[in-house]
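Chemist: When you get a sec, could you build the whole thing from the sequences and use the hints?
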Amino acid sequence: MAVPVAFFAVFFAWPVAAIVARGLKADGRWRLGRIADVVGQSDIRHVLWFTTWQALASTALTLLVALPAAYVFARLDFPGKNVLRAVVTVPFVLPTVVVGTAFLALVGRGGLLDELWGVRLDTTVWAILLAHVFFNYAVVVRTVGGLWSQLDPRQEEAARMLGASPLGAWRKVTLPALAPAVAAAALMVFLFTFTSFGVVQILGGPTFSTLEVEIYRQTSEIFDLTTAAVLTIVQFVAVGAILVVHAWTVRRRESALRLVAPETTARRPRGAGQWALLGGVLATVAVLLVLPPAVLVRRSLDGGFGYYRALGDADGGTFLVAPIESVVNSLQYAVVATAVALVIGGLAAAALARRDAGRLVRGFDALLMLPLGVSAVTVGFGFLIALDKPPLDLRQSWILVPLAQALVGVPFVVRTMLPVLRAVDERLREAAAVLGASPWRVWREVDLPMVRRALLIAAGFAFAVSLGEFGATVFIARPDNPTLPVAVARLLSRPGDLNYGQAMALSTILMVVCAVALLVLERLRTDRTGEF
Amino acid sequence: MPLLELERATVRFGGRAVLDAVDLEVAEHEVVCVLGPSGSGKSTLLRVVAGLQPLDSGQVSLDGHDQARVPAHQRGVGLMFQDHQLFPQRDVGGNVAFGIRMRGEGKGQQAQRVSELLELVGLPGAARRAVAGLSGGEQQRVALARALAPRPRLLMLDEPLGQLDRSLRERLVVELRELFGRLGTTVLAVTHDQGEAFALADRVVVMRDGRIAQSGTPLDVWQRPADEFVARFLGFDNVVPATVEGSVAVTPWGKLPVARNAPQGQRTLLVRPAGVRLVAADAGLPCTVTARTFQGTHVTVHLQPQDGPRLAAACALREAPEAGDTVGVEFDAAETVVLD
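From first to last, the protein sequence lines stand for chains D and C. Numbering of the first sequence is given in our numbering, commencing with residue 1 and proceeding in unit increments. Numbering of the second sequence is given in our numbering, commencing with residue 1 and proceeding in unit increments.
Hints listed in this document are in silico derivations from the structure and should not be mistaken for laboratory results. The beta-carbon is built from N, C-alpha and C at its ideal position, and this holds for glycine as well. Among the hints, erroneous ones may be present.
What follows is a set of in silico ranges between Cβ atoms, one per label pair, in the way DEER data are often shown [as the list claims (entries may be wrong)]:
| id | chain 1 | residue 1 | chain 2 | residue 2 | range |
| --- | --- | --- | --- | --- | --- |
| 1 | C | Val70 | D | Val3 | 22 to 32 Å |
| 2 | D | Leu282 | C | Ser115 | 34 to 44 Å |
| 3 | D | Leu282 | C | Leu120 | 53 to 63 Å |
| 4 | C | Asp340 | D | Ala164 | 52 to 62 Å |
Modeler: This is the structure in structure tokens:
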């Protein structure tokens, strides 16, 4: 317990404190009025307004598109369902940069739609909204569909026997049971889109800017660290509020529901309605989820492997090194970040799983989720201004990047490990103890064999997350050691077809690595009720 | 010196005493069964002895040594859990060998002891089977073998036969009794089933609300329940308040004969069903038959007197009246017990 707490104190609490001090303190005095000053500016107000409404719109759109899919995955049985489930999940672990580039390739200048019909959406908000749906589709399908597939259909049958119509039974029995999961998923999507960075950075152009993008712009382009700090505080408060509501809905979702094995609830589709629904979901998946990455791959291959070959050249313009070296950097960082996240997250999960865990420890659970919600930009910005001077000056150290990535990965590790650790029956441990196993032996003999898979899955998640991590890394990655997403963003910010094509190629590489990591996970995974 | 000794052992959960100053001794080779309804604290008693539940006050001693600072894995006692808690990722042999392995014995010894024990519990050659594929009775046997394997000085059983069906339970209880006799194992078992307790134990301890209500041989407890709670828990329903004067008890059912040396004054009276004799309607206490239930060897006749609480009478199938009949009831002093 002490290790995770210390880790979070140094690498999260302290940077956040540094941000607060930077934003609200001047000449040794607190200036709370600054919040009002900054928020009062009309362009900042515009950013706040845009951040909120695009998040609301994205959430609504995602629910609209993904809820039918949640039903299809929960209640219908059809060939290729497992493949489709994997296909649906891949986008969630795809780096935001890849998603942004893919949509750029689809709806942007010279994109597929531009070629076919002369339609460009990259300067409209639609590109952002669609990319958000692409990204968060899996959140809804997994959270809602996971629970839905475990609801006992006999509950509905019981309602039917008591005289309810099919729709009435669904409305009175299933919907109330699902509502908390829908609320939790919606809040998650809202949170992710509210703090969206990579997608907006790439697709938003100069017109559209969320809080995250604005924080980054203030820091790296305008060099107004004070305004950036104030904005971070505003975002921190907003996200904290969302997380509190989320924790509350999750607790309600854990209320006593009679759950059954998901295999027993799905049936072959019957009737035109169900077939039409299945067809609709398949079409949506094809257009919305499969098409953008496919277009990305095709664009990267324009003119053969030329763009890929160009990645190997250090042209001296964009980079100090050849872009391809960012692959090696990324992999190295990801390995270190995964190790750190596993140790920290594993220890935290073990402490949280103890039945006698007190309120304090459980509060720490919510705290662990903060870096996920509080957004990578906060983490990166905090590192930037907190860890650059004694007593801890890591500015020149390569470890800074993996540490930031690990911080973002830890919540995933905890979320994956915790349910499994909690599911280990305490009395199994007691049985081992009574048979003469010391606490350490109990862990090795009872816990480890049962959580080994979860540990692998957590490792895979942490790995994929740190590979794709952009928001934090972009603040702290050194110019001579860019990671894959940072390199993609830099290529995109340069004019010229070669840079553009190279960005597509590099994005494709990143996408393939992440997709492979996820597909390996999907094979390991048996429990589909988790949140991710 | 007793093998196990509890002195004023007390455990509180949120202010409520789950174990309330319990004193208990178990001698070597003795089989003691703790009997009580759920929530009476009997499982907590076992957990305290095993070292899984710390005491709030009092003391647990094994072989005369205070166990307060001895962790569970060093106490050298065995515990068979209520639902067995077999390790799901190990096969039968791996489960049985676990305790021996923890003591660091060699592979050869382990294998030999495992086959010995599986033989003992009637599952020879089952070492390679997966625990998931075992029936309830087989799981129970494996759990027993696992608990016996490290040769614990005290074996504790938590509802050992709780989840099994009736015929299997009756067979296994005999097997256990024989096995413990043969091995000379010291056993502390808890159960809510009186039949199980009486069949298994040298001594029965009845618990109520964290306290010991009665302790004695099965025969003692059966013949002379200590109080109304014990009597009702053992399944006796003919229990009424009574005023005893000499050899007569005044009860809501009228004046009943009792033994001459019975305790006097305000008491509680128990009449066993066998002591409720059915006679002609115009003799004795007039009652209406409300129901009759078939018990295999006899019929229990449920009677509603004109005044006073209901009565249960045991009678032979041939002589049992029909529901709705009116009968008379007389009481047999030999089957009547004045409690406390």
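Chemist: So, for every hint listed, does it hold in this structure?
Modeler: Okay, the hints, checked on the actual structure:
For valine 70 of chain C and valine 3 of chain D, the hinted distance range of 22 to 32 Å is satisfied, since their beta carbons lie about 29 Å from each other. Checked against the given bound of 34 to 44 Å, the beta carbons of leucine 282 of chain D and serine 115 of chain C, roughly 57 Å apart, lie outside it. Between leucine 282 of chain D and leucine 120 of chain C the C-beta distance comes to about 60 Å, which sits within the given range of 53 to 63 Å. At roughly 57 Å, the beta-carbon separation of aspartate 340 of chain C and alanine 164 of chain D lies within the given 52 to 62 Å, and the hint holds.
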